[in-house]
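**Student:** Letter by letter, the chains look like this.
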Amino acid sequence: MDIKRYSENAVTVYIGDEISETVNKTLVNLKNELENRGTDGVTEIVISYTSLIIYFDLFKVRGEELEALLKEIDLEALEGQPFEYKLIEIPVCYGGEFGPDLDRFEEDGLSPEEVVEMHSGTEYLVYMLGFMPGFPYLGGLDEKLFKDRLDNPRTSIPAGSVGIGGKQTGMYPFTSPGGWNLLGRTPVPLFDEEREPSILYEAGDRIIFKSIDEDEYKAIEQQVADGVYEVNITRREAE
Amino acid sequence: MMTFKVVDPGLFSTVQDAGRTGYQAYGFSPSGAMDYRAHKLVNKLLGNDENAAVLEMTLHGVTLEVLKETVIATAGAEAEIMVDDVSYGSGLPIRVMRGERLKIGKCQRGARIYLGVAGGFDVPEVLGSRSTHTRSGIGGFKGRTLKAGDVLRTVGGEFQNTMKKIKSFEEDDIIRIIPGQQYERFSDDAREKLFNSGYEITKDSDRMGFRLSGPELTAEDGHDVLSEPTQLGSIQVPKNGQPIILLNDRQTAGGYARIATVALADIPKLVQKPPGEKIIFKEIDVDEAAEEYKKELERIRSGEYFEPLTDFTSVRRRTALKITKLMGV
Chain A
1 MDIKRYSENA VTVYIGDEIS ETVNKTLVNL KNELENRGTD GVTEIVISYT SLIIYFDLFK
61 VRGEELEALL KEIDLEALEG QPFEYKLIEI PVCYGGEFGP DLDRFEEDGL SPEEVVEMHS
121 GTEYLVYMLG FMPGFPYLGG LDEKLFKDRL DNPRTSIPAG SVGIGGKQTG MYPFTSPGGW
181 NLLGRTPVPL FDEEREPSIL YEAGDRIIFK SIDEDEYKAI EQQVADGVYE VNITRREAE
Chain B
1 MMTFKVVDPG LFSTVQDAGR TGYQAYGFSP SGAMDYRAHK LVNKLLGNDE NAAVLEMTLH
61 GVTLEVLKET VIATAGAEAE IMVDDVSYGS GLPIRVMRGE RLKIGKCQRG ARIYLGVAGG
121 FDVPEVLGSR STHTRSGIGG FKGRTLKAGD VLRTVGGEFQ NTMKKIKSFE EDDIIRIIPG
181 QQYERFSDDA REKLFNSGYE ITKDSDRMGF RLSGPELTAE DGHDVLSEPT QLGSIQVPKN
241 GQPIILLNDR QTAGGYARIA TVALADIPKL VQKPPGEKII FKEIDVDEAA EEYKKELERI
301 RSGEYFEPLT DFTSVRRRTA LKITKLMGV
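Read top to bottom, the protein sequences are chains A and B.
At position 77 of the first sequence the residue is numbered 77 (UniProt numbering), and the sequence of numbers has no breaks.
At position 260 of the second sequence the residue is numbered 260 (UniProt numbering), and the sequence of numbers has no breaks.
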C-alpha cells in the first residue's frame with residue numbers, strides 16, 4: 001500500500017500496479033472499511049484499476065491525519081472479509097441495426113451466434129467507471145473476442161450501445177462519438193435521473209448481458225417508458 | 001418565477017453552482033462554476049445561499065429581456081453592463097425592471113463573467129446540483145448552453161443592500177503547482193522546462209480543460225498509464241508533450257502521465273486567463289497549498305474582497321426612475 005497526496009483535498013492509495021480481480025477486491029474492501037468507519041470530513045471515495053482516492057473537506061480533517069489513519073489499516077485482515085456486490089443483468093438485442101459490427105467477427109472465424117454466446121455467457125467485473133457518466137471499465141472479455149477499434153470512428157454512437165474496443169467490452173450510457181465495434185443495444189437506460197440509483201452499478205459489481213430479440217427489446221422499451229420496468233439485480237456475497 | 005428571456009445567448013453560457021460532488025465514482029464530472037471565487041462572491045453580495053446557481057459566460061456576455069423586477073450583479077471577468085442605455089460596472093448590485101434590456105458586453109479583463117441574481121437561477125437539481133454538464137447533457141438549463149428565446153426562472157426573494165461591491169482583482173501570471181502522480185517519470189530537463197519557460201493557453205481550451213502550448217515535456221517511461229481518477233487542476237501530458245490542465249467538466253478517469261496539479265488557490269486566477277495568455281508555473285508543496293486554499297476560502301467568507309459602495313444609483317433605480325418621470329425629463 002502506497003499512500004500519496006497530489007491535491008490539497010485528496011489522498012490516493014495505490015495497491016499493486018496491474019489490473020487484477022484481487023486488487024479490485026482489496027480496493028472494494030478498503031472502501032467499505034473507510035465507509036464503515038465513517039471518517040469525519042471524507043466526502044467521496046473513488047476506485048480505479050489499482051488505486052483508490054479519498055476526497056476530504058480541508059476544514060474538517062487534514063491530509064496528514066488521513067494518511068496516518070490509512071497506515072493503521074491492516075489490508076491483509078480486510079482480505080478475508082466477505083462483502084456484498086450486485087450482479088446486474090443487462091438485456092441486449094444483438095445484431096441488426098443495433099449491432100452493425102457483429103458480422104465483422106466472421107473475419108476472425110466467429111459466426112454471429114458464437115459471438116453472442118460468448119459475449120452474453122460471461123459475468124464481467126466492473127473495475128471502475130469513467131470516460132463518461134456510467135461508463136463501466138469491464139474485465140473478463142474472452143480473448144477470442146478481442147478486436148481492434150474501427151479505423152474510422154463513428155461520429156455518433158446511440159446511447160445503450162454495447163460493443164468491444166480492443167481488449168475491453170462496455171456500453172455507452174450517452175450518445176457519443178466512438179470507435180468501438182458495436183454488437184448490440186440495450187433498451188434499459190444506463191443513466192436515469194429519476195431512478196434510484198441513477199447508475200445501476202459501481203466498482204466491484206458484475207454485469208451479465210442477456211440476449212433478447214427485437215420483440216423483447218420493444219416490450220422492455222415500452223415498460224421503461226411506462227415506468228414499470230425493473231432491472232434484474234441479484235445481490236451476492238463475495239468470498 | 002419567470003425573470004428573463006434570452007435575447008442573445010453570448011458564446012457559451014451555462015447555469016452553474018458549486019458543482020456536483022459525490023458522483024465521481026459513477027463517472028460524473030463535478031462541473032460547477034470554474035471561478036469558484038467569483039461564484040461565491042456574487043452570491044454573498046446578493047445575500048444568496050453560497051451555492052446558489054449563477055450564469056457563467058465565456059468571453060462574451062448575454063443580453064436578457066427583464067420579465068420581472070429583480071436585483072443582479074456580476075463577478076469574475078470585467079465587462080460593460082448596460083441596462084437599456086445606462087452603463088454600469090462589474091461587481092455591484094443593480095436593480096433591473098420589467099421591460100428593460102440587460103446587456104452584458106465582452107470581457108475586458110478576464111475570460112469568464114458570472115451573473116448572479118436574487119435567490120439564484122431556478123433550474124431542477126440533477127444528482128444534487130444545478131450545474132450544467134454539456135457533454136452528457138445533464139443539469140442546468142436543459143443540460144445545454146443558453147439559446148435565444150429561452151426563458152430563465154429565478155428563485156427571487158428580498159434583496160438586502162449591504163452597501164458593498166466586489167473589488168477589482170490585480171493578478172499576475174504565476175500559477176502554483178503540486179508535483180503530480182508521474183512527476184518522477186519526467187527528466188530533469190522536462191522539469192526545468194516546466195518551471196522556467198511559460199506556457200500559452202491555446203484556443204482549444206474549454207470547461208473540460210486548458211490545452212497549453214510551450215516546450216515539449218517528455219516522460220522517460222512513456223506517457224500512458226493505467227486509467228485513474230483525475231483531479232481538478234491535474235496537468236496531464238500526452239505523447240505530444242504539450243500539457244493539458246483538467247478542469248471542471250473533465251472526464252473523471254484519465255490515462256495520461258500527470259506531471260503536476262494546479263493549486264486550488266490559483267484556480268480562479270487560471271480560469272480567468274483568456275486564450276493567448278501565458279502562465280508561469282511555480283512549485284508548491286501539498287501541505288502549503290492546502291493552507292493557501294483554506295486562507296483563500298476564508299478571505300472570500302470574511303468579506304475581504306468587498307469594498308464600500310458609495311454610489312447607490314445602481315440599486316435605487318426604481319426611485320431614480322420615478323423622479324425622472326415626475327420631473328418629465
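If you are wondering where the hints come from, they were derived from the structure by calculation, not from laboratory data.
Every residue gets a Cβ at the ideal spot worked out from N, C-alpha and C, and that includes glycine.
A hint or two may mislead.
Claimed, not checked - Quick partial rundown of chain B residues pointing at chain A, CB under 7 Å, derived from the structure: (1) A25; (2) F28; (3) S136; (4) Q181; (5) V225; (6) L226; (7) E228; (8) P229; (9) A253; (10) A289; (11) A290; (12) K294.
**Student:** Which numbered conditions among the earlier hints are violated in the structure presented, ordered from lowest to highest?
**Tutor:** 5
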